[in-house]
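Residues per chain, in single letters:
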Amino acid sequence: MPSVSELGALRGEILNPMPWSLYLALKQLFPSGKRFPFFTAISVLGVALGVMLLIVSISVMGGFGREIRRMIIDTQGDVQIRGQGTTINDVSGLLDALKTVPEVVAATPFAEGVVLLEHDRRPAFPAVQGVDLQRIENVIPLRDYIVAGSLDELDDDSVILSSQLARSLGARIGSTVQIYSPLLLEKLKQDEVLLPRDLRVAGVFEIGHQQLDSSVVLVTLRLMQDLYGLGDSVHGVNLRIKPSADPDLVARKINAGLPFNLRAGSWMEANQDFLFVLQLEKNMIFFLLVFIIVVAAFSVTSSLLIAVVRKTREIGLLGALGARPSQVAACFCFQGLFIGVAGTLLGLALGFGALAVRNDAIELFTRLTGSEEALLRFYQFSNLPAYLATSDLVLIIACAVGISTAAGLLPAWRASRLNPVEALRNE
Amino acid sequence: MSEPILQATGLSKTYLSGERRLEVLRGVELTVSAGETVSIRGESGSGKSTLLHLIAGLDKPDTGTLAWEGSADTGAARRARFLGMVFQSFYLIPELDALGNVLMAARMLGKVDAAARARAASLLERVGLAERGHHLPAQLSGGERQRVAIARALMNSPRLLLADEPTGNLDEKTGESILELLLSVAAEQGAALVLVTHNPAHAARASRRMTMHAGVLSDV
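Note that the protein sequences, when read in sequence, are chains A and B. At position 174 of the first sequence the residue is numbered 174 (the numbering used here), and the sequence of numbers has no breaks. At position 154 of the second sequence the residue is numbered 154 (the numbering used here), and the sequence of numbers has no breaks.
Pair ranges (Cβ atoms, derived):
(1) B:GLU131 <-> A:ILE42: 27 to 37 Å
(2) B:GLY70 <-> A:SER32: 39 to 49 Å
(3) B:TYR15 <-> A:ALA398: 42 to 52 Å
Read the hints as simulated data drawn from the structure, not as lab findings. Positions of the beta carbon are idealized from the N, C-alpha and C atoms, including for glycine.
Kindly produce the complete structure, drawing on both the sequences and the hints.
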């Protein structure tokens, strides 16, 4: 442990080689012998609060965004091939062709549509996904989302319901539901008897998305082809690609070899409107919260301008000692820069600290307000997701330091414009 | 023959006050040799401080020339080495302790090494403040602050010392001791001194006495 005199010597070694403008800036922020520099503390805290709020908000928005992206990829794959107003008739030929694309790891065909589902005289009109049981798990981690029953129980006479749909129909594992497909309506037009398909509930899944969890059912691909009279055709193929591959580039590459009536699209392209809204929300939150830093910067500017007026004679003295106007300006710029850097570091610590305890805080809040179930029902989470991209972190740091440094520019300019003679006469 | 430390020739300065032109300095001639002490007396508003500011290179004359040891370079960089200034109101930096204020002159030259610290400490000792180096200006009396200001003015071993009413804010006894100190340390350090003062007794201590009246400088 170094002694007090050794620490003093170390401090001297650090401060001594500094340019005087930086040395004086630090001394004005942390005056000798003063226990607590209030101006510095409040200025730093203002910037820190802005940075903390930005870190927390952008991280939570990023967390939600990442969860939603994960959910989209988990349910659609990285790339999806669809018929353009037609079905895909030669599925095995297409699957063989896809094997020649090195980035494609796995592929699974699907058929989809809407049916009338009835259980215990309760109707619903869910979307049906017919999945290829042999291939689905290579592309979509369906098993991870089964909350009751089993994927292994799914066969051509059974169905897996989404959780909220099962709840609204009052269906449980082993219950029987009736399905009426559009094909049956066609038969009705031909005065044929309308008989629904009885299907046993083999499982219940929950993905964590309100829409998917309330209006989707899964059946085997063969059953779906039967219900829609598709024969061996399918509506599309979902692809899983290598993690390092760019879905847009892979889709473009696949399109080059597809017939005109088929088209591959990345999950980003398929959900571009939704992703745009997500990004817009995040940008708006960033834009609004960055104003906290701007307001803090205005307060720094105001305080430094007051300091320039208060220190007019000292600025004159610096001129008499041989200071150039640019060096006087640098002294005030350094103060803004230091407040920005210190505020940003403190804000990062506070922000990441708040994120670390976010789930405990939410748990405490919901317990106090008795709103645990409401939170789960409306937001489908019990743990608040958080993710901060490196680019967002860099942007927050750059904005905070940049704005705070800019806050010192006006006082710096004023100080540099002071005529030493006028300043020294100001007694 | 060596160059004079200071040579001012035909300095004049006019300020505009609204529509009025105030002729503050009228063709001032002043030559100061090495080690010389020059006192300038004059009533308030006679132009003493303006002359000092022109000599220090802080302001530009309307006409006339100024040379420091024969050179017309009176810019900020040279000022830090060539001259030291002492003011009536001390002008210490309140955030720095006495030692820090003295070292500030060395910082302007980017020279804050062990030698500079030793010189600052010895100057503080010379002005009688050896034990007060780590005291802030607010913790010092008026006389002690002026002693710190004198030590700061001498820090870079200037060739010329300019003192503008250095005893103006001090009581008579303290003022006497400060003047004594200023004259003796200037002599020790080999610096020429230009002393602006109202006090006739103080002015009489200089080797050359001058008066300023309505912008005109003349020998007594």
